[in-house]
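Asks: Based on these hints, arrange chain D on the given structure of chain Y.
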Amino acid sequence: MTIKSYIDNVKDEVYKCVHCGFCLTACPTYLVSGQELESPRGRITLMKATIESEIIPDSNTFAHWDRCIQCRACEPACPSGVNYGLLIEATKTGMNEVRSESFIYRYNLKIILNLLISKWFVNLNALIFRIYNKLKISQLINKVKLNKLLPKKINELEKMIPIINGFPLKSGNYPSDTNNNFKVMLFRGCVMPGIHGDNMRKTIYLLNHLGFDVEVLDNEVCCGSISSHNGDSDMTLKLAKTNIDNFLQNESKYLLISSAGCGTRIKEYNHLFNKNSSYYNKALLLKEKTMDIYEFLYNNLPFKPEGNINLTVSYQPACHLINTQKIIDPPVELLKMIPGIKYVELPSSNICCGAGGAYSITQPEWSKKVLNKKMTEFKSINADILTVSNPGCLIQLQNGIQESSISSDIMYVTDLLYNSYLKGEKNES
Amino acid sequence: MNINQSFKQKLIDIVGSDYVIVDKQDMIVYESDGTHDKGMPDYVTLPGSVEEVSKLVILANDYGIPIIARGSGTGLSGGAVPISGGLIISVNRMNKILNIDPEKATAVLEAGVINLEISKKASEYGLFYAPDPSSQQACSIGGNVAENSGGPHCLAYGVTTNHILAIEVVLPTGEITWFGEMNKESSGIDFRGLFIGSEGTFGICTKVVVKLLKQPEEVQTFLIAFNNINDAANATTSIIGSGIIPSAIEMMDRTASKAAEEGTNAGIPENSDTVLLIEIEGFKEDIKEQELLIKDIVNEFDPIEIKLAANTKERDLFWKARKGVLGALGRIAPNYFLVDGTVPRTKLSFVLSEVNKLAKKYGLIVANVLHAGDGNLHPCIIFDQQTPGDTQKALSLGGDILKVCVENGGVLSGEHGIGYEKKEYMPLLFSENDINYMKEMKNIFDSKNNFNPGKIFPEMSDTIEQPK
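Sequence order for the protein chains is Y and D.
Going by the numbering used here, the letters in the first sequence line up with residues 1 to 429, in that order.
Going by the numbering used here, the letters in the second sequence line up with residues 430 to 897, in that order.
Honestly, the hints are just simulated from the structure, not real lab data.
Bear in mind the structure is a predicted one, so any value in this text is a computation, not a measurement.
Just so you know, not all the hints are guaranteed correct.
[Unchecked claim] Here are the in silico distance ranges between beta carbons for each label pair:
#	chain 1	residue 1	chain 2	residue 2	range
1	Y	300	D	740	47 to 57 angstroms
2	D	853	Y	271	37 to 47 angstroms
3	D	478	Y	245	58 to 68 angstroms
4	D	513	Y	384	52 to 62 angstroms
5	Y	170	D	648	47 to 57 angstroms
6	Y	178	D	737	44 to 54 angstroms
7	D	648	Y	161	45 to 55 angstroms
8	D	794	Y	287	33 to 43 angstroms
9	D	779	Y	326	39 to 49 angstroms
10	D	647	Y	219	56 to 66 angstroms
11	D	740	Y	347	13 to 23 angstroms
12	Y	328	D	853	40 to 50 angstroms
[Stated by the list, open to error] Calculated lysine to aspartate or glutamate pairs in the DMTMM-like style (CA-CA distance at most 25 angstroms, straight line):
#	chain 1	residue 1	chain 2	residue 2
13	Y	289	Y	333
14	Y	369	D	452
15	Y	48	D	819
16	Y	326	D	452
17	Y	4	D	690
[As the list claims (entries may be wrong)] Residues from chain D that keep clear of chain Y, each with C-beta distances beyond 10 angstroms, as calculated:
#	residue
18	435
19	603
20	649
21	712
22	791
23	888
Quick reminder that beta carbons are idealized off the backbone N, C-alpha and C, glycines included.
Same shape as in the complex, but just chain Y (with noise of 0.2 angstroms):
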C-alpha cells in the first residue's frame, strides 16, 4: 500500500475540512511559527493534494506531518468536527509504511518501540536514572563544565533525563480501611510507574482514603499509545486486545486512568477495529467502564477535602484530557475544594507544552519552542505550584521550570489533593 491509499481511507473526513482556518491559533506548531505548513489546515491541505495526486509526499512534506504533536487541540476548534486524530494517525500509519522499506529503520523502530513498552526496561532505566538523579551527576557535569565538552545534543537529552520520584509501582490489591465495596482498577501504562511511583502511590492511597479499594493488575500492557502515534497499527493492535480482554475479565467497576494520554488512547479502541469485529463491541464495553481520573475523583467524592494548602497554584491540562475526552473542569474545581488555595489561570492553557508523548525526543527543536512559549505565560502568573494531569507534561514542565530557574514547584492535581487529604493541617474553626 502506498501513504495515498492509508489516506483515502480516511478521505470522507479529509473533505470535512472547509479550510475555514478555525484551527490555525489553535495549534501549538503554528502558534510558534506563523507557518501554514505547520497547521492542522495545511496538514490536512497536504493530505488532500496527496489523495488527488497534486502532490507525491517527500521527506519535506513527511516532515510537517511529523512536526504535528497530535494534542488535537484543533478538533474543539474545528467548526466542521473534523477528526484530526484519525486523519494524522492514518497519515503517519502511510509514512510509517513508507520508511519501513528501509530496513534500518523498520528494525530500529521495532527495538525501539518494544523496549518503551517493556516494564522491565521502563524499570531498569528508572532505576539507572534514580542513581543519576541521587548522584547529583547533572550538577557534576555543570560544575566540571563537564556540559562545555560535550556535544549540544547529548546536553540536550542529558537534560531530559526526568526526576524519578520513587520505586517502581508494583502491581497488586491496595484496599482501603471501609467496607464500601467500591472497586476500581488504576491503570499503570508503561513510562509512568516507573519514574512516578510515588505519585502513583499518593493517587492509590487517596482513593483508598475516599473509601475505593484499588487493584492494579499485573497482566495489563501498554495502551498502544507510543505505537500509533509512530505508525505501528499491528502493535497497536495486538496490545489493545490483550487489554480490552483483561480489563473486561476484571470485576471492577471502574478502569481508571491518571495518564490522559493512555486514556485516550483505551477510550478510542474502537476506531482500531471494523465495526463487524467481536473487539468492536468490546472495545465500547470498555469505554463505558473507562474514566479519568479526575472525573472519576470529581464525580464520586464522597467527602471535600478540609486541609490547609496556603499558595497559589496554576494549572496546565493534558491535552488529551481536554481535547479528546473533554474534561475541562474536573480537575480545576477539584482544585477549588481545597481551603487556602489561590488558583490562577494559566494563559493559553489550553495550549499544548510541546511534550506530546515521544514529541520532546523525537522533535527536540520544535518541542523547545513551545515549552518557551509556555514557560514565559506561566512566568507571568507568578503561581507557586503549577499542577498538571499526566506524567508526558509533568516531565517536560518540570524541564521547563528547571531551565527557567524559578523557583516554582510542579505537581500532579493528585498530590495536591492528597496533601490536603491526608497531610494538611485542619482548620479549627
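Replies: Positioned in the frame of chain Y, the structure of chain D alone reads:
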C-alpha cells in the same frame, strides 16, 4: 544563476532561509484562503519586521514580481489567493501587541495580531475591540484592515474603519509611512480611510493603532427559534423599528442552524426553522427594560422558544454556534461559495424568498446565515468540487443572488471584500466611469499594478510578465 535562483537567494538574504518557501509541494498550502479559489504562488516569505517587508517590496519591484499580502488566510473573497502567481508576503510572524494605553483606550498592534487576542489582552483593563468577524479566533488585524471587515457586533459599533486611528503601511515603492493620527480622527485628506478596505491593492499594512471601548456593564443574549424565516425577518425589522439598537441581530435558517447545532449542542430546538441570535448591552437598568421590550415584540411573531443565556459560558456557546456555522457546513459538503450581498433591512424577507427560489432552480442547497440587523445576507451555496459541473453551477447561482440583491437596492459585499470571487459582478453595481475612477485611485498608489493584481476590478489585464 537564473532569475529564479538569484531572486530566491536575495529573499533568503532579507528574511533568512527558515522564512522562505519555494518548494512547489510545500507552497500548495498557500494556494488558497477560506474560499475554494486557487492560485499557486512562486515564492512565499514570512518577514519579521516592517523593514524586511519594505526590502521585499523593493526587491520584488526590481524583478517585476507581483506581491500578494497574506494574513491568516481566512478571507472569504479570494483576496489572498495568488491567482497569477507572485510573491506572498505573510505577516503572521509579526504578531506582537506592542502597547495598550488604558487611559487613551488605544492599542498599537503588529499586522499579524489575531483579532480575538486584542480583546483578550484589553479585557485586563476592562476594554475590548469591537469589530468581531466570525473568524476572529484566527483572522489577523492586518487582514481586517485590508478587507474593512465587519462582524455580528458591527450593527451597533460599525465596521473596522470606524475603529482604526492610524496604520503603518509599506507602499508599492517600498516606502514605509503612517496614515491617520494616533490620538484622534485625522485631518486633511483621509488616506487612512482610503487604504482601509483596499484589499491589498494599495500596499501592505504592517502596524495598526485601534480604538478600544469600555466593556458594557451588562450583556444579555437571546436565542430565539421561529417557525419560518419570514417571522424571524419581520421580528428583526420590528425590533429595530421600535428604536432599540441591539449590538447584534444574527439569523440562521434551517439548514444553517441544524449544522451549527450539530457542531456545538447550543440548544437550538429540534423543531425550529429559523433562529435569531440577539444581543443587547449597556447599563443594567436599560438592559432589563430592553429585554422585556424585545420579548414583547418577538412574541407577536409566534416564536417556538425564547432562550436567554444564563451565564457567560452559555453566551459563548450561542456565539460559537453562530460564528462556527460556515465551517460547520463542511458536515454537509466540502465546499461552499459564500455570497456577501447586503440589502435594505425591509427587503430581507422578499430577497430571502427569492434566494430560496433560485436555489431550487439550480438544484443546490443554500444555507442562509445573516447579519440580519444590517441586512447583510450570507447565502452560503453548498457544493462539492468533485462533482463535475457543480462549481460552475454554484458560481452562476451566486451571481444570480447578487443580481437580486442589487435589484433590490443592495450592494455586492457587506464585509468580505470583492477580491477575486466577485470582481466580475462589479458592473452590476458600478458604471464604467465609477470603475475607472477606482482604477485611477489604484494607479496613484500602484502604477505598475504590482500589488494583488487581478482583484477587485473586472477583466483588468495584468501586464506584468511572470518569472518562469
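Asks: Does each hint hold? Answer for all of them.
Replies: How the hints compare with the structure:
no. : hint                                : in the structure
1   : Y:300 <-> D:740: 47 to 57 angstroms : 26 angstroms, violated
2   : D:853 <-> Y:271: 37 to 47 angstroms : 46 angstroms, holds
3   : D:478 <-> Y:245: 58 to 68 angstroms : 59 angstroms, holds
4   : D:513 <-> Y:384: 52 to 62 angstroms : 58 angstroms, holds
5   : Y:170 <-> D:648: 47 to 57 angstroms : 55 angstroms, holds
6   : Y:178 <-> D:737: 44 to 54 angstroms : 45 angstroms, holds
7   : D:648 <-> Y:161: 45 to 55 angstroms : 51 angstroms, holds
8   : D:794 <-> Y:287: 33 to 43 angstroms : 35 angstroms, holds
9   : D:779 <-> Y:326: 39 to 49 angstroms : 43 angstroms, holds
10  : D:647 <-> Y:219: 56 to 66 angstroms : 59 angstroms, holds
11  : D:740 <-> Y:347: 13 to 23 angstroms : 22 angstroms, holds
12  : Y:328 <-> D:853: 40 to 50 angstroms : 47 angstroms, holds
13  : Y:289 <-> Y:333                     : 23 angstroms, holds
14  : Y:369 <-> D:452                     : 24 angstroms, holds
15  : Y:48 <-> D:819                      : 19 angstroms, holds
16  : Y:326 <-> D:452                     : 38 angstroms, violated
17  : Y:4 <-> D:690                       : 33 angstroms, violated
18  : 435                                 : 23 angstroms, holds
19  : 603                                 : 22 angstroms, holds
20  : 649                                 : 24 angstroms, holds
21  : 712                                 : 28 angstroms, holds
22  : 791                                 : 20 angstroms, holds
23  : 888                                 : 28 angstroms, holds
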